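These protein sequence lines are chains E and U, in that order. Residue 228 in the working numbering sits at position 228 of the first sequence, with consecutive numbering throughout. Residue 19 in the working numbering sits at position 19 of the second sequence, with consecutive numbering throughout.
These aren't lab readings, by the way, just hints derived from the structure by calculation. Heads up, some of the hints might be wrong.
[Claimed, not checked] Computed Cβ-Cβ distance ranges for the label pairs, DEER-style:
no.	chain 1	residue 1	chain 2	residue 2	range
1	U	231	E	168	58 to 64 Å
2	E	202	U	11	29 to 35 Å
3	U	68	E	207	40 to 46 Å
4	E	255	U	65	40 to 46 Å
5	U	21	E	187	42 to 48 Å
6	U	143	E	187	25 to 31 Å
7	U	133	E	25	45 to 51 Å
8	E	6	U	15	37 to 43 Å
[Said to hold, decoys possible] Here are a few chain E residues that face chain U, going by a calculated C-beta distance under 7 Å:
no.	residue
9	7
10	8
11	10
12	11
13	13
14	15
15	19
16	20
17	50
18	94
19	95
20	253
21	254
22	257
Just so you know, these numbers come straight off a predicted model, no measurement behind them. Using N, Cα and C, we set each Cβ at its ideal position, and we do this for glycine too.
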Amino acid sequence: MMLLITRQLGAFIQNTLLETLRNKLLYAILFFGAATIGATSAFGALSLHQDERVFNNLVLFANVIFLACLAIYQGVGSIQKEIETRTIYTVLSKPVMRGTFLVGKFVASLVMITLCLLLLFAMTIGIATFLDYAITAQLFAAYYGLFLQLAIITAAAIFFSSFSTTLLSALFTFSVFLVGNLTPQLHEAGAAFAKTGNPVRHVIDVVLMIVPDLEKLNLSFELTHALPVPMSYLLTATGYAAVYVAFLLGGAYIVFRKRDFY
Amino acid sequence: MADDIVLELDQVSKTFRIGFFRKKVEAVRSVSFQIRRGEIFGLVGPNGAGKSTSIKMITGLLQPDAGQVRLFQEPVGDVSLRSRIGYLPENPMLYEHLKPLEIMDFYGGLLGMSKKARRTRGLELLELVGMSHALDRPVGKMSKGMKQRTGIAQALLHDPELVILDEPQSGLDPVGRREIRDLIVELRRQGKTILFCSHILPDVEDICDRVALIHQGVVKEVGFLHELLGETVVRYELFARDWSDALTAELGNQLQQIFVLGELRRVELRGDVVIDDVLAVIAKHGARVESLQPHKESLEDMFVRDTRAAQKAEVPA
């Protein structure tokens, strides 16, 4: 059984990677990502003695935006495309459990996104080395945090795709990404509403309870100010992301296992 | 014997909800039939009759609202049973970016086959379906017929016991259709059980042992072809020379149609005439019969008769 599932996961990963390699859109995204990193280094040079700090911050921000868009595109597309093009008929009529299908699609998407992340990270390191900037532990920690964010975004995209349309799934996932990165502001807003007795604070409380706190995985502040990131923090963050991914994929499975494919 | 039952649909129903107001549409209503080991079973019916819905319930893509589908005497919900079936969907959509061998590799992976087995079996099947000349062509650049052939190859990859083919000849030229028909017969010779769903009724009639005719979600007829079609002659066709108007007049309503082909006449007579009496009348008028062919009811006749009867029954008096 384990051998079967391993081979099925391998098939999903290989198929996704082949599709990625033959997809021109992905190259376009990567090209613009690389161009943005290059352009950002010029912004650093314009700042007054803050060029390294500006470079690190802006490049990380650009990578977050590009890779989050890629994770939404890939996560949503990995399920919706199978349904819309009806390739799912030939997949689910094989001895593939629906849970394996969802996990396979998630793992395959995450492998693809991770490769893109590594590529952009390598470009960042290359330019930083060329400009004689320091390659710090915080830089690695910040990109690891980004990886965890992308894992949650991909799982969210798969969760929404299990019951919604392509457009709505992309919108819902983008909302999770946006709200998840605005949790400090939402906390402040909730506290302000609480002071005035405004019932909106209950809505904010619920949102904060449901939506993953992506801001906790955003280590750009630590990177900018060269603050140490303890290993225990990274381990906790990994556990947090793993639990969220498990919940999202579990939710997707509950919806998906009884779904009919007309 | 119960062991011989490979597939059984027992009072299976499926209702869809469509449109803004979620209107109910009964796609399949209490459908029942059984398929025995080693037979070619034809599932025929007009578009929208419920054939593909029935097949999707067999392959686990749809879940019945009522009734039970059993594969190899087990409820169809058991995913492991799908390793014993091969399925070609109608108008198969394969991954456009993959080449034929990569398609075989992907589906082989889903079936748990080893890398070596996927390649060996993949090459063998692509050769069998006539795709070995296009191994470097991605699916996105294939003709409809080539996609169909590749789809058939993926359905046979794991040497399944039950092969479900939904319109396998769709998009193929006459030679391709013939090849697929021969392939199905060969699969049966190898001991496979085949569920064959097609609009090409002469082929269904030619190769199927038993047939179910489904219309508007209901099985209208099911059984061996010779039982369903019977031995009754539905019309006679004859070619004759020296045909006269007087002869036409004397035969009266025994004649269905008459066509002039130069000096020859192609004459269609009703199936219930006493043919010896008709031949005597023809001889009396001095006409010469060149050939005489009795026509029994074909599957197409049965199909048209049953679907028209069902449509008439729907029209309020």
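Results of checking the hints against the structure:
1. Take residue 231 of chain U and residue 168 of chain E: their Cβ atoms lie about 60 Å apart, and the range 58 to 64 Å holds.
2. Checking the proposed 29 to 35 Å range against residue 202 of chain E and residue 11 of chain U shows it is violated: the Cβ atoms sit about 50 Å from each other.
3. Between residue 68 of chain U and residue 207 of chain E the Cβ separation comes to about 44 Å, which falls inside the hinted range of 40 to 46 Å.
4. Between residue 255 of chain E and residue 65 of chain U the Cβ separation comes to about 19 Å, which falls outside the hinted range of 40 to 46 Å.
5. The beta-carbon spacing between residue 21 of chain U and residue 187 of chain E, approximately 43 Å, falls within the hinted interval of 42 to 48 Å.
6. For the pair residue 143 of chain U and residue 187 of chain E, the beta carbons lie near 59 Å from each other, so the given range of 25 to 31 Å is not met.
7. A hinted range of 45 to 51 Å for the beta carbons of residue 133 of chain U and residue 25 of chain E is inconsistent with their spacing of about 31 Å.
8. For residue 6 of chain E and residue 15 of chain U, the hinted distance range of 37 to 43 Å is satisfied, since their beta carbons lie about 39 Å from each other.
9. Below 7 Å, beta-carbon pairs count as interface contacts, and residue 7 of chain E has one with chain U at about 5 Å; its hint therefore holds.
10. At a threshold of 7 Å, the smallest CB-CB gap from residue 8 of chain E to chain U is about 5 Å, leaving the interface hint in force.
11. Here the hint on residue 10 of chain E is kept, as its CB sits about 6 Å from the closest CB of chain U, short of 7 Å.
12. For residue 11 of chain E, the shortest C-beta to C-beta distance to chain U is roughly 3 Å, which falls under 7 Å, so the interface hint holds.
13. Because the beta carbon of residue 13 of chain E sits about 9 Å from the nearest beta carbon in chain U, more than 7 Å, this interface hint is broken.
14. The restraint placing residue 15 of chain E at the interface with chain U holds, with a minimum CB-CB distance near 5 Å, inside the 7 Å limit.
15. Given hint, residue 19 of chain E at the interface with chain U, holds; its Cβ is 5 Å from that chain's nearest Cβ, closer than 7 Å.
16. Annotation: interface hint on residue 20 of chain E violated; nearest CB of chain U at approximately 9 Å, more than 7 Å.
17. For the restraint placing residue 50 of chain E at the interface with chain U, the shortest Cβ-Cβ distance is roughly 45 Å, beyond the 7 Å limit, so the hint is violated.
18. Against a cut-off of 7 Å between C-beta atoms, the interface hint on residue 94 of chain E holds, since the closest Cβ of chain U lies about 4 Å away.
19. Evaluation of the residue 95 of chain E hint against chain U yields a held restraint, the C-beta minimum of about 4 Å falling below 7 Å.
20. Interface hint at residue 253 of chain E: violated, since its Cβ lies 14 Å from the closest Cβ of chain U, which is beyond the 7 Å cut-off.
21. Proximity of residue 254 of chain E to chain U is violated relative to the hint, the smallest CB-CB distance being about 15 Å (cut-off 7 Å).
22. Annotation: residue 257 of chain E was flagged as interfacial toward chain U, and the flag is violated, the nearest CB pair being 10 Å apart, outside 7 Å.
When the structure is compared with the earlier hints, violations turn up for hints 2, 4, 6, 7, 13, 16, 17, 20, 21 and 22 and for no others.
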